[in-house]
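Q: Single-letter residue listing:
There are 2 protein chains.
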Amino acid sequence: MMTQRISIVENILNANDRLADENRSRLDEFDVFALNLMASPGAGKTTLIEQTLSLLPKQHHVAVVDGDVATSIDADRAAKAGAVAAIQINTGGGCHLDAVMFNQALDKLDLNQVDILLVENVGNLICPSGFKLGTHKSILIASVPEGDDKPYKYPGMYRGVDALVINKIDLLPYVPFDMDYFKKGVEILNPGLVIFPLSCQTGQGIDKWIDWLSKALIDIHNSQ
Amino acid sequence: MMTQRISIVENILNANDRLADENRSRLDEFDVFALNLMASPGAGKTTLIEQTLSLLPKQHHVAVVDGDVATSIDADRAAKAGAVAAIQINTGGGCHLDAVMFNQALDKLDLNQVDILLVENVGNLICPSGFKLGTHKSILIASVPEGDDKPYKYPGMYRGVDALVINKIDLLPYVPFDMDYFKKGVEILNPGLVIFPLSCQTGQGIDKWIDWLSKALIDIHNSQ
Numbered sequence: 001m002m003t004q005r006i007s008i009v010e011n012i013l014n015a016n017d018r019l020a021d022e023n024r025s026r027l028d029e030f031d032v033f034a035l036n037l038m039a040s041p042g043a044g045k046t047t048l049i050e051q052t053l054s055l056l057p058k059q060h061h062v063a064v065v066d067g068d069v070a071t072s073i074d075a076d077r078a079a080k081a082g083a084v085a086a087i088q089i090n091t092g093g094g095c096h097l098d099a100v101m102f103n104q105a106l107d108k109l110d111l112n113q114v115d116i117l118l119v120e121n122v123g124n125l126i127c128p129s130g131f132k133l134g135t136h137k138s139i140l141i142a143s144v145p146e147g148d149d150k151p152y153k154y155p156g157m158y159r160g161v162d163a164l165v166i167n168k169i170d171l172l173p174y175v176p177f178d179m180d181y182f183k184k185g186v187e188i189l190n191p192g193l194v195i196f197p198l199s200c201q202t203g204q205g206i207d208k209w210i211d212w213l214s215k216a217l218i219d220i221h222n223s224q
Numbered sequence: 001m002m003t004q005r006i007s008i009v010e011n012i013l014n015a016n017d018r019l020a021d022e023n024r025s026r027l028d029e030f031d032v033f034a035l036n037l038m039a040s041p042g043a044g045k046t047t048l049i050e051q052t053l054s055l056l057p058k059q060h061h062v063a064v065v066d067g068d069v070a071t072s073i074d075a076d077r078a079a080k081a082g083a084v085a086a087i088q089i090n091t092g093g094g095c096h097l098d099a100v101m102f103n104q105a106l107d108k109l110d111l112n113q114v115d116i117l118l119v120e121n122v123g124n125l126i127c128p129s130g131f132k133l134g135t136h137k138s139i140l141i142a143s144v145p146e147g148d149d150k151p152y153k154y155p156g157m158y159r160g161v162d163a164l165v166i167n168k169i170d171l172l173p174y175v176p177f178d179m180d181y182f183k184k185g186v187e188i189l190n191p192g193l194v195i196f197p198l199s200c201q202t203g204q205g206i207d208k209w210i211d212w213l214s215k216a217l218i219d220i221h222n223s224q
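So the protein lines, in turn, are chains A and B.
Going by this note's numbering, the letters in the first sequence line up with residues 1 to 224, in that order.
Going by this note's numbering, the letters in the second sequence line up with residues 1 to 224, in that order.
Next comes chain A alone, as it looks inside the complex:
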C-alpha cells in the first residue's frame, strides 16, 4: 500500500478559493461589479469610498461591505455618503476578510439593487492579499505619508492587485517621498499596473479614478 500525503495548508486555501468562485458566480448572476479595496490602516480606504459614492454618476447603485477588527465607524460613513446598503463585518481580531465572511455579507444584500459593490478589507498590508473573496478587481490604496519604500517591504500586496491608488498627494510638499523610487518598486513587482495619484482631501486626480471605474463597469457588463 502506498503512503499518501495530504497538504493541509493547500486544502484550507482551496476551500477559500472554492467559496470565492461561488461568490463570483453569484455576483455575475446579478450583474454586480465588485472591488476588493486593500490598504494599511489610515491610507484612506473609507474616504476614497465616500468620494466615489459622491462622484460616480447617480444611475450606478453602490453598496459597501466594510471589514474591521471592531466598530461600525466605516459602514456608518458609507451609509451616510449614499451607499444603497452598508454591511459591517467585525473580524474580532482577524487580520483580513475571507470568502466565508464575504459570502455572509452577500446573503444580507439585495443584489438586484446593486451595480457596484465596494469591499473595504481590514486595514493591513499583509494578510488580505492571501485570501480571495470572489471580487472582480483588487485595488491597493497607498498613501504618501506612509513612505516610498512600501512596495519593496510588502511585495505580496503590490504584486497581486489590478490597480493602485496613491492617496494624499496633497502632503507631498511636507513629507519625504520619492515618487520615482516608489514607482520603480511597483513596476518591478507589477509591470504596467495602472496607477492613480490623487488626494481625497483636495479632490485632485479623483476624476481619473472615477473614469477608470466607470469604464471597468461597462467592460465587465459587455463581457458577460
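It is possible that some hints are incorrect.
Copies of one chain are not kept apart here, so a pair can be met inside one copy or by any two copies together.
As the list claims (entries may be wrong) - Below, a list of computed lysine-lysine pairs in the DSSO-like style, where the Cα atoms sit at most 27 Å apart: (1) Lys183 - Lys58; (2) Lys183 - Lys208; (3) Lys58 - Lys215; (4) Lys80 - Lys184; (5) Lys80 - Lys183; (6) Lys80 - Lys215; (7) Lys137 - Lys183; (8) Lys184 - Lys108; (9) Lys137 - Lys80.
For the record, the hints were derived by calculation from the structure and aren't laboratory data.
Take the given structure of chain A and dock chain B to it, following the hints.
A: Chain B in isolation, oriented as in the chain A frame:
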C-alpha cells in the same frame, strides 16, 4: 475512562509565552533593556529608531532587531544611524514577530555589548499584539495622517502597550485629526497611558521620549 480535551490554540500560545519568558530571563541576565515597537506600515518606527540612536546619550549602546516581510532596508538604516548591531528578520509573509524569531535574533547578538535593544515589529496594527517576545516594554507608534479613529478600530493594539508615541504632529495643520477624540479612545482602552506627541521630521517633542526612555532604563537597572 474519562475523555480529555486538549485546547490546541491555548497550547500554541503558551509555547510562545514560555519562550518569551526565557528570552526575558536572558535579557535580564545581561542587563539589556528591550522594547517592542509596533505600528502600522509607515507610521515612523524606523525614523523614531534613527532619532533615538542619534539623541540618546552615547554611553548607552543600542542594538536593533527589525522584523519585515521582505528586504533589509530598516536594519540597514539602523546600522547607518549608529546601532552597535542590527539584525533583520524576514518573516516571508508572516504578519508579526514571535518569541522564536526573537530568540534566534538574540542568538546573533553579543548581549554583553548591548544596553538597549529596540525591536521593530512587522508593520501591522493587529497581529503583533497577540505574540509576546519577552521585551520589557511595548511601545505603539501612531501617526497623525493615519487618522484619529485608530484606537477605536484597533482596540487590541492600544490596550496592550506601555507607552504611545503620536508621530508626525507637524502634519496636524494639513490633515483632519481631532486630538481630543483620539485621546478619548486611548483613555477608554488604556487609562493613564503615557503619550508622546512628537515629530521625527522636525524633532518637536522627541526630548520627552528620550527622557522617558533614559529614566525607564535607570528604573529597570535599579529593579534588577
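Q: If a hint holds in the structure, say so; if it does not, say that too.
A: Comparing the hints with the structure gives:
| no. | hint | verdict |
| --- | --- | --- |
| 1 | Lys183 - Lys58 | neither (33 Å within a copy, 38 Å between copies) |
| 2 | Lys183 - Lys208 | within (18 Å within a copy, 37 Å between copies) |
| 3 | Lys58 - Lys215 | within (15 Å within a copy, 59 Å between copies) |
| 4 | Lys80 - Lys184 | between (38 Å within a copy, 24 Å between copies) |
| 5 | Lys80 - Lys183 | between (35 Å within a copy, 25 Å between copies) |
| 6 | Lys80 - Lys215 | within (26 Å within a copy, 48 Å between copies) |
| 7 | Lys137 - Lys183 | within (20 Å within a copy, 37 Å between copies) |
| 8 | Lys184 - Lys108 | neither (42 Å within a copy, 33 Å between copies) |
| 9 | Lys137 - Lys80 | within (25 Å within a copy, 41 Å between copies) |
Going down the numbered hints, you'll see the structure goes against 1 and 8, while the others check out.
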